[in-house]
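The listed protein sequences derive, respectively, from chains W and F. Throughout the first sequence, residue numbering follows this note's numbering, covering 571 to 1007 in sequence. Throughout the second sequence, residue numbering follows this note's numbering, covering 34 to 348 in sequence.
Certain hints may be false.
[Stated by the list, open to error] Pairs of lysine to aspartate or glutamate, EDC-like flavour, derived with a Cα cap of 16 Å:
1. 943/W - 999/W
2. 639/W - 687/W
3. 893/W - 687/W
4. 639/W - 910/W
5. 111/F - 910/W
6. 1002/W - 112/F
7. 995/W - 112/F
Hints listed in this document are in silico derivations from the structure and should not be mistaken for laboratory results.
Residue strings, one per chain:
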Amino acid sequence: MSDFDRRSVLKAGLGGAALLAGPGIVPVRAAEWTNTPEPNASIRVLRWKQFIQAEFDKFAEQTKKFSEKTGIKVKLEAESWEDIRPKAAVAANVGAGPDLIIGTLDDPFKFPEKLIDVTDVATYLGAQYGGWYPVAERYGRKGDSWIAIPQGATGGCLNYRISHMKAAGFEQFPKDTDGFLKLCQALKKNNTPAGFALGHATGDANGWCQWALWAFGGKVVNEKNEVVIDSPETIAAIEYVKQLYATFIPGVLSWNDSNNNKAFLNGELSLTLNGISIWTVGKTSPDPKQQEIAKDMDHAPMPIGPVGVATEQQNVLVYYGYKHSKYPKAVKEYIKFMMDKENYDAWEVASNGYVSPPLPAYNNNPVWTSDPKITPYRDCLKRCRDNGYAGDLGYASAAVMGDFVVVDMFAEAASGSATPQEAAKRAAERAKRYYQV
Amino acid sequence: MAVIAEPVAVQLKRSSLWSRAFESRNFLGAMFMVPAIAILILFLAYPLALGFWLGMTDTKIGGVGRFIGFQNFVSLSKDSVFWLSVFNTIFYTVFASIVKFAIGLYLALLLNERLPFKSMVRAIVLLPFVVPTVLSAIAFWWIYDSQFSIISWVLIKAGLITSYIEFLGEPWNARWSVVLANIWRGVPFVAITLLAGLQTISPSLYEAANLDGATNLQRFRHITLPMLSPIIAVVMTFSVLMTFTDFQLIYTITRGGPINATHLMATLSFQRAITGGNLGEGAAISNAMIPFLVAAILLSFFGLQRSRWQQGGRD
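The task is simple: from the sequences and hints, build the whole structure.
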């Protein structure tokens, strides 16, 4: 998935746009935007709560700019992204609530028939900016239609202390899983350990556990959505994670999404998976100790496993509007406005690179090279697989992730409460309950 | 003529029936009950019935489910995580309820005595109940944190341990930790309610017992406990129901982890229904809680309220 270049993405995007535009419409015309919002429209937008205040402030500022330009009133609300999921579900179920939600991952695939068709927005953006990353398209498109527009991903990279890595005998951050394990072992030996969440941490635990599974060729399902997690590849992944777990700081089995941030900024952790927020918070902190940590840290992509390609899982953010909205055209106008490169770029600068873009054309934003420590986050979606891999996104993929099937599998084996074989078998049984429906 | 006369007759007859009905005390009583019954049906019976119905369907979020009978329950019966959540729920309820009752009764007896600063002490006892559950859960989450636990910190500073205790990182530690948090939260309810019950017992009974030479234990066993048993039944019923259906405390502290060791039926129901998108299965898990809850209610009302018990008899 990672071995494509900008040119191939551009070609795929234009090809996809032509296909979506249908017969008789040439791709050049697909970049035209002809939407006319309903008169006196007023929409309610619910989005994920900010980790970086400047990011939200810019988003709100641009929302205001949108209202001034179009006359469409927008009521902007924010919730923790984990709390958006139940609200989105309720809105879909009762047919009332926000007109537009900016949520996460495959949530829209749980209730696709309740959502506004945003194919025209996707086609316009894809044609205008040279195509989407394939994984972004997977998160937006269902069949021939787009039900969501990927906003990007709160990218996850490895956050590490440079001095601790060097003290462990590594001048460069290892690029493969073998080197990564050796680094973690050396960090543990130096009493400057790594730590990755293995509790029910939706973002962090799922993120690195899916990476580990895929890096060794394991997967929950194959292309036919048949459960194949109980496999030799999965066992290899579990054996690897067991060795990693032995190097971790104690307590990771109880960690949720905020534990690693706290431990890292307290100087107790040398290596973890996280968004850019640890560095940003450290850099802007009034605490000299945290500033020192931020200076001493850098970021790297997840290492490549035996499969030979990047296998990251990222927290992808998606716009999806509801059919119950009285103003679906206003909803689409808002998405298009916020995703237009000019606005997206300005927002990205304010967020200090917090969201990895879904369109490769957005990679030329100066924010990505303003500091080399930010650059690894730029390509998160290029290195990412969708969480339904290798099958389809939908109810079953969301349920398997929501039920922490993969995380529990690694946690059971790593903590010794099950053998790798038992853990893989149990994960398969749990996954089958969802995929058999 | 006949065509006109007949409806008039019928109208007169109806009118007279309607007037006579309003003269009936029984009919009027029933009419006055209608708003209350409507509220009960709309806000209590309907949601319960909907929950039952959803549990019998394969409803996914945003979708229209079809009736599948007991398939959700059959599927759950083969689900090891579900059975673990049943075990966790019973463990959590039994231990937390027993300890809450013991501490609550002790505090109630203490507060019923003539203590200095009694009002202030009563107010302090109520504090855990006043704090919103989520706030107290976050406080416990910090207390149990694997890196920042105040308990571990104090013990390390005192030289009693060398590394931080994994309160939430080890399955059994996590179970006991959440039980403790629930006890802290639930004791005030038991204590204050039992205290209210204690204050209804006539002092003359104790005076008579004193004259008869009864010991403290005898007075407690033959006067306090029987007189308190109706209130104990109510308190324990509520305590068990609230503990069995607890959600906020667990969801905030552990989210059911580690490795599902603290998943209660309520948290698993939420995870399957909302996070996982399977409303039918989530509802089925909720429905599976009902037999346990009904059993708890029956035990309280038909067991603890036995009149012979209340009079100090055995059976």
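We went through each hint and held it up to the structure:
1. Our distance criterion of 16 Å between C-alpha atoms is broken by residue 943/W and residue 999/W, whose separation comes to about 42 Å.
2. Between residue 639/W and residue 687/W the alpha-carbon distance is near 24 Å, which puts this suggested pair outside the 16 Å criterion.
3. Restraint check for residue 893/W and residue 687/W: the C-alpha separation of about 9 Å stays at or below 16 Å, so the hint holds.
4. Of the supplied pair hints, the one linking residue 639/W and residue 910/W holds, its CA atoms being roughly 14 Å apart against a limit of 16 Å.
5. The straight-line distance between the Cα atoms of residue 111/F and residue 910/W is roughly 50 Å, outside the 16 Å bound, and the hint therefore fails.
6. Annotation: proposed proximity of residue 1002/W to residue 112/F holds, straight-line Cα distance about 11 Å (limit 16 Å).
7. Restraint check for residue 995/W and residue 112/F: satisfied, since their Cα atoms lie roughly 13 Å apart, inside the 16 Å limit.
Hints 1, 2, 5 from the earlier list are contradicted by this structure; the remaining hints agree with it.
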